[in-house]
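Visitor: Construct all of the structure, not just a fragment, from the sequences and the given hints.
Using full-length UniProt numbering, read the sequence shown as starting at 1 and increasing by one per residue.
Just so you know, these hints were derived from the structure itself, not from any lab.
Every value quoted in this text rests on a predicted model; they were computed, and no experiment measured them.
Incorrect hints may appear among the rest.
[Unchecked claim] Here are the simulated BS3-like cross-link-like pairs (lysine-lysine), alpha carbons at most 25 angstroms apart as the crow flies: (1) 113 to 87; (2) 157 to 14; (3) 87 to 157; (4) 49 to 80; (5) 31 to 87; (6) 14 to 49; (7) 87 to 47; (8) 49 to 30; (9) 47 to 113; (10) 157 to 80; (11) 80 to 30; (12) 113 to 49; (13) 87 to 14; (14) 49 to 87; (15) 80 to 31; (16) 30 to 113; (17) 47 to 80; (18) 87 to 30; (19) 30 to 47; (20) 113 to 157.
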Amino acid sequence: MSRTWNHSDIHSLKRDEALEILAQIARSEKKTFPTNEAFAFGEELWKKKPNTRVLYTTRVAAGVSSRRDLVAYAVYVRQKGVALLHKVCVIEAYRRQGVGRDLMLYIQQRLRKEGCQQIHLWVDEAREPARSLYRRCGFEERETIPDYYAPGRTGIKMVLDLEHDP
1 MSRTWNHSDI
11 HSLKRDEALE
21 ILAQIARSEK
31 KTFPTNEAFA
41 FGEELWKKKP
51 NTRVLYTTRV
61 AAGVSSRRDL
71 VAYAVYVRQK
81 GVALLHKVCV
91 IEAYRRQGVG
101 RDLMLYIQQR
111 LRKEGCQQIH
121 LWVDEAREPA
131 RSLYRRCGFE
141 ERETIPDYYA
151 PGRTGIKMVL
161 DLEHDP
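Guide: Following this line, the structure appears as structure tokens:
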């Protein structure tokens, strides 16, 4: 069975479909992030919150058009020419297969089309695989704040200038 990835925005879905994707995201969020860092992915995110986008990636299995298996997701908020990337997560079973890079490139393309000039994000210094992904996608480490996430957990601000080609 061949597989491909499909990136989309929950706002392109009907309510019931969006709520199913949000439920899958919420389950993954609880498994992946500490409680104090986990987002609540509820219906309010499907309703058109100004400048907030929830993107998701699904695995498309050949011959199974209606089934959507969540592979990755991201949340960003636009503030004029800057997007703050709040969350990026690849489901553990799909890591190291190029999904994160594909999702990051999709986000960059979307934001360029929307006229965004920069993407900012914060990442835990200890999350080296995430930092490495962001560096490969063109992000630069610009600032560090000790105890950003919790005592002993340093946050690193990374920035991508979208006005230059990746």
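Visitor: Hint by hint, say whether it matches the structure.
Guide: We went through each hint and held it up to the structure:
Note on residue 113 and residue 87: the hinted pairing holds, with a Cα-Cα distance of about 21 angstroms set against a maximum of 25 angstroms. For the suggested pair residue 157 and residue 14, the alpha carbons sit about 35 angstroms apart, so the restraint of at most 25 angstroms is broken. Taking the CA atoms of residue 87 and residue 157, the gap is near 13 angstroms; set against the 25 angstroms cutoff, the hint holds. Only pairs whose Cα atoms come within 25 angstroms are accepted, and residue 49 paired with residue 80 is accepted, the gap being roughly 15 angstroms.
Annotation: proposed proximity of residue 31 to residue 87 holds, straight-line Cα distance about 14 angstroms (limit 25 angstroms). Of the supplied pair hints, the one linking residue 14 and residue 49 holds, its CA atoms being roughly 16 angstroms apart against a limit of 25 angstroms. Using a Cα cut-off of 25 angstroms, the hinted pair residue 87 and residue 47 holds, with the two alpha carbons roughly 18 angstroms apart. Our distance criterion of 25 angstroms between C-alpha atoms is met by residue 49 and residue 30, whose separation comes to about 23 angstroms.
At roughly 22 angstroms between alpha-carbon atoms, residue 47 and residue 113 fall within 25 angstroms of each other, so this suggested pair holds. Proximity of residue 157 to residue 80 is assessed by CA-CA distance (about 19 angstroms); at most 25 angstroms being required, the pair is judged to hold. For the hint linking residue 80 to residue 30, the alpha-carbon distance of about 31 angstroms lies beyond 25 angstroms, and the restraint is violated. For the proposed pair residue 113 and residue 49, the alpha carbon gap of about 20 angstroms is at most 25 angstroms, so the pair holds.
A C-alpha spacing of about 23 angstroms is found between residue 87 and residue 14, which places the hinted pair at or below 25 angstroms, so the restraint holds. This hinted pair checks out: residue 49 and residue 87 have alpha carbons roughly 16 angstroms apart, not beyond 25 angstroms. Restraint check for residue 80 and residue 31: the C-alpha separation of about 33 angstroms exceeds 25 angstroms, so the hint is violated. About 32 angstroms separates the Cα atoms of residue 30 and residue 113, which puts this hinted pair outside 25 angstroms; it is violated.
With a CA separation close to 20 angstroms, the supplied pair residue 47 and residue 80 stays within the 25 angstroms bound. Note on residue 87 and residue 30: the hinted pairing holds, with a Cα-Cα distance of about 13 angstroms set against a maximum of 25 angstroms. For the given pair, residue 30 sits about 22 angstroms from residue 47 by alpha-carbon distance, which is consistent with the 25 angstroms threshold. Restraint check for residue 113 and residue 157: the C-alpha separation of about 24 angstroms stays at or below 25 angstroms, so the hint holds.
In the structure shown, a violation is registered for the earlier hints numbered 2, 11, 15, 16, in ascending order.
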